[in-house]
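K.L.:
Residue strings, one per chain:
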Amino acid sequence: MNEINMCVDICGVKLKNPVIAASGTFAFGREYSRYLDLNRLGGISVKGLTLYPREGNPPPRIAETAAGILNSVGLQNPGVDAFISNELPYLKQFDTVVIANLAGNSRDEYCVAADKLDKADIDMLELNISCPNVKEGGLSFGATPESAYDITKQVRNYCHHPLVVKLSPNVGNIKDVASAAQNAGADALSLINTLLGMAIDPHTRKPILGNITGGLSGPAIKPVALYMVWQAAQTVDIPIIGMGGIMNGNDAIEFMLAGAVAVQVGTANLVEPMATVRIIDDIERYMLDNGLKTIKDITGGLIC
Amino acid sequence: MNEINMCVDICGVKLKNPVIAASGTFAFGREYSRYLDLNRLGGISVKGLTLYPREGNPPPRIAETAAGILNSVGLQNPGVDAFISNELPYLKQFDTVVIANLAGNSRDEYCVAADKLDKADIDMLELNISCPNVKEGGLSFGATPESAYDITKQVRNYCHHPLVVKLSPNVGNIKDVASAAQNAGADALSLINTLLGMAIDPHTRKPILGNITGGLSGPAIKPVALYMVWQAAQTVDIPIIGMGGIMNGNDAIEFMLAGAVAVQVGTANLVEPMATVRIIDDIERYMLDNGLKTIKDITGGLIC
Amino acid sequence: MTGIVYSNDLISPSIYKMGIQLGDTAESIQAGQFAHVRCGQSYDPLLRRPISVCQIDAENGIIYITYQVKGKGTRWLAEQAIGSKLDILCPLGNSFEAVMPADINEIWLVGGGIGVFPLQLLAQQYKDKADIVSILGFRSDEFKPLWQPFEQYSKRVIIATEDGSYGYEGLVTDELILALRAHKPQIIAGCGPSKMLKSLACIAEQYDVPCVVSLEERMGCGIGACLVCNCKIKSDDEWHYRRVCTDGPVFWSHEVSFDE
Amino acid sequence: MTGIVYSNDLISPSIYKMGIQLGDTAESIQAGQFAHVRCGQSYDPLLRRPISVCQIDAENGIIYITYQVKGKGTRWLAEQAIGSKLDILCPLGNSFEAVMPADINEIWLVGGGIGVFPLQLLAQQYKDKADIVSILGFRSDEFKPLWQPFEQYSKRVIIATEDGSYGYEGLVTDELILALRAHKPQIIAGCGPSKMLKSLACIAEQYDVPCVVSLEERMGCGIGACLVCNCKIKSDDEWHYRRVCTDGPVFWSHEVSFDE
Ligand SMILES: Cc1cc2nc3c(=O)[nH]c(=O)nc-3n(C[C@H](O)[C@H](O)[C@H](O)COP(=O)(O)OP(=O)(O)OC[C@H]3O[C@@H](n4cnc5c(N)ncnc54)[C@H](O)[C@@H]3O)c2cc1C
Ligand SMILES: Cc1cc2nc3c(=O)[nH]c(=O)nc-3n(C[C@H](O)[C@H](O)[C@H](O)COP(=O)(O)OP(=O)(O)OC[C@H]3O[C@@H](n4cnc5c(N)ncnc54)[C@H](O)[C@@H]3O)c2cc1C
Ligand SMILES: Cc1cc2nc3c(=O)[nH]c(=O)nc-3n(C[C@H](O)[C@H](O)[C@H](O)COP(=O)(O)O)c2cc1C
Ligand SMILES: Cc1cc2nc3c(=O)[nH]c(=O)nc-3n(C[C@H](O)[C@H](O)[C@H](O)COP(=O)(O)O)c2cc1C
Ligand code: FES
Ligand code: FES
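Chains P, W, L and D, in that order, give the protein sequences.
First residue of the first sequence? That's 1 in the numbering used here, and the numbers climb one at a time after it.
First residue of the second sequence? That's 305 in the numbering used here, and the numbers climb one at a time after it.
First residue of the third sequence? That's 609 in the numbering used here, and the numbers climb one at a time after it.
First residue of the fourth sequence? That's 869 in the numbering used here, and the numbers climb one at a time after it.
Bound conformation, chain P alone (with noise of 0.2 Å):
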């Protein structure tokens, strides 16, 4: 039989294929709708959830750059509440794994949050500790081992879902901040999130973003986070979500050949809104043609 099984399992939560949607760049899942069914996806990690309505950075928030794009949004969202209420009976409707991405001003701000949202009908939460486009929060808490430590811990005493901590690639050895991680109790590790960069006009000479600095995310940085991937893969027990730059089946292929269990599209959503639905499809294509028959046969299979 020619029976392909593309499930994955991250800490007891099933996967039906390894491709969920990044955080930030799906939205709650809604316009995708028109393009693609959600049923059809892995999981979906939710636009980047703080404990009160942030209206974000001011425009303009996108540069592109060489095969890759600045983004600057600042984590602007309804806030815990309104997601719990408007946002997550939408996206249970649909038979697809539900990641609220949370992140934060403070410690206090994260855990009130995360209580909330774990007493709510989530499947797993992903802790975002790497936005760099809020000034306070997010990333200063990714920027170090031991703030990462901290900032897991903490949270995980009020997260009883599957806690999934997400990594910063602004840091000098992503190995020590994924221990770091690990040893608080994460239950999984997704990274990348987005690289600091910048953007200038040589003819204004003013910023083009209107926050001065951005994340970078797309093509150009899959080399840095594929090398991130497959260092965190061989320093920690706990399965990695993997990403940064996934546009087609092989890109998410080599993530899981350095070690991921699944992976995030992110960018590739933004240029071509069936990138997903495609991935699924070029990753089961791999398999049948290499004879795969689960998606352990690809995780950690790389030679060398």
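The hints are simulated quantities; they were obtained by calculation from the structure and are not laboratory data.
Pairwise CB distance ranges (calculated): (1) L:770 - W:598: 28 to 34 Å; (2) D:1062 - W:461: 46 to 52 Å; (3) P:95 - L:612: 33 to 39 Å; (4) D:1105 - P:296: 46 to 52 Å; (5) P:173 - W:357: 26 to 32 Å; (6) W:344 - L:753: 39 to 45 Å; (7) D:1050 - P:296: 52 to 58 Å; (8) W:394 - P:296: 55 to 61 Å.
Heads up, simulated DSS-like pairs for lysine-lysine below, C-alpha to C-alpha not over 27 Å straight-line: (9) L:625 - L:735; (10) L:625 - D:953; (11) P:175 - W:510; (12) W:318 - W:396; (13) L:678 - P:206.
Just so it is clear, CB atoms sit at the ideal spot from N, CA and C, and this is done for glycine as well.
Chain P is fixed; fit chains W, L and D with the ligands onto it per the hints.
P.N.:
This is chains W, L and D with the ligands only, laid out in the frame that chain P set:
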């Protein structure tokens, strides 16, 4: 009068324009002399030198990525002595600034080599503490503010020429490393070296590079480089030489607006041997178009 | 969706007009809506480019876009031969019709430079319902092919050029003020550089004429998901960021905060 | 330097032959040398692609390259229309002539798949000086257009196909061994996949026939400066990395260390 002055002065060394060929992409100039007049360049940073000759890493040593390249050359070079006797005299025929790029495996190696170079007829020493492609040494010296401080301080003792310290982007906070290098006596900083990265062939399941990992350069990294140059420029008082993905005059100007007094051009040479000269012409045209008389009118001119 | 390039011609300095076969979709498009076009399969350029639909040939299922060659994306577009395939999302955005009241029978179109394109389709679609006056500004008479389409749809066309090479010398907003002194239309629809739109909003407020404007902002997804295309929209004492790609690009001018 | 596309035709499954007008440069090119071609102005693909010159029409200043469409670069090449401009560095590399002795009058060409292209120019350039025997291997007879050019230059052409659809079924090296049992030529020139070249080097050593091979390695600059294209070259007990782009691509087979 429409007289444009493109000269820049870096710690007393006069460059006729702010465009320097970046280390490792220009060898010792000979190959490029077929394509351009080396006298036109502001300077040449030669291939990274080590005390003893090195063969470098196993092939393949290059992988193309989206708008970038990964290289894992691993400091193949003839050693400091051979450089001084065979290559330096050739370079000194030209009216351009010669920058000796130095790497090492140990403090001692750095110091002995620095001493030899210092006694030779170079114009500046560029201390490479950021090579990602050698096991010991290189990057490990540039990874933390402490180690950067220490090696700079050591080499400073042997270096009576202007000492440029070349920083790695693979750090948590570039400001800290920049300050450390300045405090240890660096006369100038150059940044960025390559970002750690990796590429995998999904069909063979093997890394593309013989050395598994490599350093990412080219347009893909420009936003990250620009951000780091801007950060460093706000932190230190010494001159900054910016680089990372500069392919044309506009790119160079962006780095100068962000605070660089001069730029280095690396990967662009691999794509187009005449890149440096074209960039010099582009900058001149920009100055003409904008009525600027000196490079100082550009450097640090970012409006934000 | 896949469109087929039907024509692609240089009509003014660095401005191309392209016909794209889109089939049945064509006739459903409203003025103000845009096409979000992928410029090649390469990752450089990476993002789609938003371009207004400026004319529709519903019978043949063809839409027209007119675009200025500025950077990598539009340069790629200019190189496409007839018969090439284009990856397009269309129509996106709300449209003038969605914002304006239903009973419009008199409308003034105020546009500057490449901002005239969405107004062109508005003129085409309202020509039978409403009296149209087009007040348009350009750098010089080299851009004549950009205002010519307005002539067949408008009761009157007033042109201002910056260099005075055609029509009145000066800004389009100056001509608008002169015209408003004589008569106040039911509604004004504007599109152009944000400086011009800011003046337009002031003038409309001063003369107390309802005014809708179509905004431009750098975009990502174009479908409302990524929140990068925001503009500040006032309501009562508050303001909120709204998405130009889906809440707009057409807004009431008095709601838009132009201060940035 | 700028070349103009003179022709660009699909000649075998996913294999194109392109003529490029290069003017006077064309006649100076030696077999084994390559063109380093920029594939578009975009940064994706970024690097030039090295492709061997396979044929020269010196009179008209045209060089020919034959290339297999594998990835982004060659796909771009395949899309270029006649008259398009190409940014090319050419000729690069040493050449067979630079490595081989001057007095060659008998040469066997041993090539596999897309490795036959540099040998094709070698055949063209040596046809009057030397007796040529071409021993070539392909996947199947679909690649007939790749070996046909050898027929006019060679005393004898031996074809091996993996699926037996033409000539002998099996590997080109098997045919070489059979031929060597009957006669040992003055020199062998080989090009193809590195596994094939490794066998070729062994066989040549075993039968004590001088053998030169043209290597392939991923390249950056192509002009000898970046040191990314290296291969291991033995001399006495030592080995050193040598640049395929300038020290090669042609080396004596016994000097090449194929172990990686
Ligand atoms: C709703 C809408 C409708 C538009 N309609 C038209 C039209 O009909 N005709 C026309 O010529 N132009 C129109 N524009 C502007 C057009 O989108 C830009 O000129 C174009 O994207 C520039 O792309 P480029 O590759 O040439 O330039 P680049 O400078 O290479 O673009 C770099 C990035 O900046 C973005 N960008 C640059 N300028 C603008 C701009 N003015 N608005 C939005 N994004 C920009 C690009 O989309 C891209 O992401 C419209 C913009 C919007 C938002
Ligand atoms: C000296 C020399 C002569 C060559 N002559 C020919 C020829 O005549 N005909 C022909 O079809 N091919 C030839 N090749 C191989 C050709 O260079 C590659 O097939 C081509 O670069 C692939 O580019 P791509 O964009 O299609 O593939 P991609 O997979 O997109 O290429 C990605 C990167 O890998 C490099 N690369 C991939 N495969 C190879 C390879 N086999 N050798 C070197 N670099 C590679 C590319 O140059 C590029 O940098 C030659 C290679 C060398 C070194
Ligand atoms: C417009 C945009 C908004 C984003 N917002 C968030 C967010 O709210 N929370 C988060 O954890 N990551 C956010 N990210 C980061 C992505 O989830 C992802 O980590 C990153 O973009 C790298 O993946 P990619 O290259 O596939 O986009 C955002 C990315 C983009 C492009
Ligand atoms: C092939 C290659 C070799 C390099 N070798 C060196 C080196 O020996 N010493 C060094 O300091 N930097 C080296 N670099 C880094 C460049 O000097 C430069 O810092 C980096 O490539 C970023 O600039 P770019 O994007 O313009 O290439 C090398 C880069 C490349 C691509
Ligand atoms: S462009 Fe993504 S929300 Fe408007
Ligand atoms: S490709 Fe640069 S040295 Fe050979």
